[in-house]
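The whole structure should be built from the sequences, with the hints applied where relevant.
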Amino acid sequence: MPHARWQVLRHDAVLFPGSCKLKTAAEDFSVVPPFEIRSGAEQRVPFLFNSPHSGRYYPERFLAMARLDRNAIRRSEDCYVEELFGGAVPLGAPLLAANFPRAYLDVNREPWELDPRMFAEPVPSFCNIRSARVAGGLGTVPKLVGEGLDIYPGRLPLAEAVGRIEAVYKPYHETLKRLLTRTHARFGYAVLIDCHSMPASIRVGDNGVRPDFIIGDRFGISASPALTEMAISLLVGMGYTVAHNKPYAGGFITEHYGRPARHLHALQIEVNRGLYMDERTFQKSAGFDALADDLTRFSADLMSMPDHHFVDLPLAAE
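Offset between the sequence shown (1-based) and the numbering used here: plus 1.
Worth flagging that the hints you see were computed from the coordinates, not collected in a lab. Since the structure is predicted, the reported quantities are computational estimates derived from the model, not experimental observations. It is possible that some hints are incorrect.
[What the hints assert, rightly or not] With a straight-line Cα cutoff of 35 Å, these simulated DSBU-like cross-link-like pairs (lysine-lysine) come out:
hint : residue 1 : residue 2
1    : Lys171    : Lys247
2    : Lys144    : Lys171
3    : Lys144    : Lys178
4    : Lys285    : Lys144
5    : Lys247    : Lys285
As structure tokens, then:
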């Protein structure tokens, strides 16, 4: 697994000595764990499913900081995605699912992708403060939820961001990395399916087509072409409209973990929320069960791909 981009995580112990209120962030999930691994007795396939944005546990301390009510703050949620893809677990694939909400912390970002305008103190020099995601209010500690709503009424202590990164972000990625490493060691390769949802308002192309799914492989960099082609083909064969890489090509997780030349493949899947829920009430719609069944069948067919599609690849410089 690549290590270089993780070295920045070691700087915080020097720059922020002491507890830095880390215990406070940890206590946010003293009753409900920040994330969980759903798996059977044995992993039977070299696939791992990940749902980093579907968490629905909003700590009271976090809600007290926010200016938004309990409904408005949910507008960035990938609602029920871990349930939609849950059928992969009985098929032998682990599923890593966040319980923390995306509005609280976004693990599909770099570890220190922070907006300096959000904090009362200067952010460390090693932070990435100029990314497009930070500019859009969607850094590691988000400034906004969907539709451009500010989460907080004012600036936060910098220690709040440090606490969330230390108590939740780092353990999440350490767990994901461990699962992928274990999978790779056992099967000779590993395939990460990063599961997300998107607003029903998303349109693509000159004709403004509403895609049911968007498959992202970082423009061919994060996964075997055969995996991408199979994912698109399976969904189209079920009657769904599928886009590729536009407008979502994959975030930090897909980019960071996808290393096909090392037999590590990562594919992002975005599901249109209009297929399975009411975005205003956050309630499941009548189409939910049928979509979940389709995604179980999709997962089973994807996981039946022959090994050579994942290991017989030309070596490439990275």
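Of the hints stated earlier, which fail here? none
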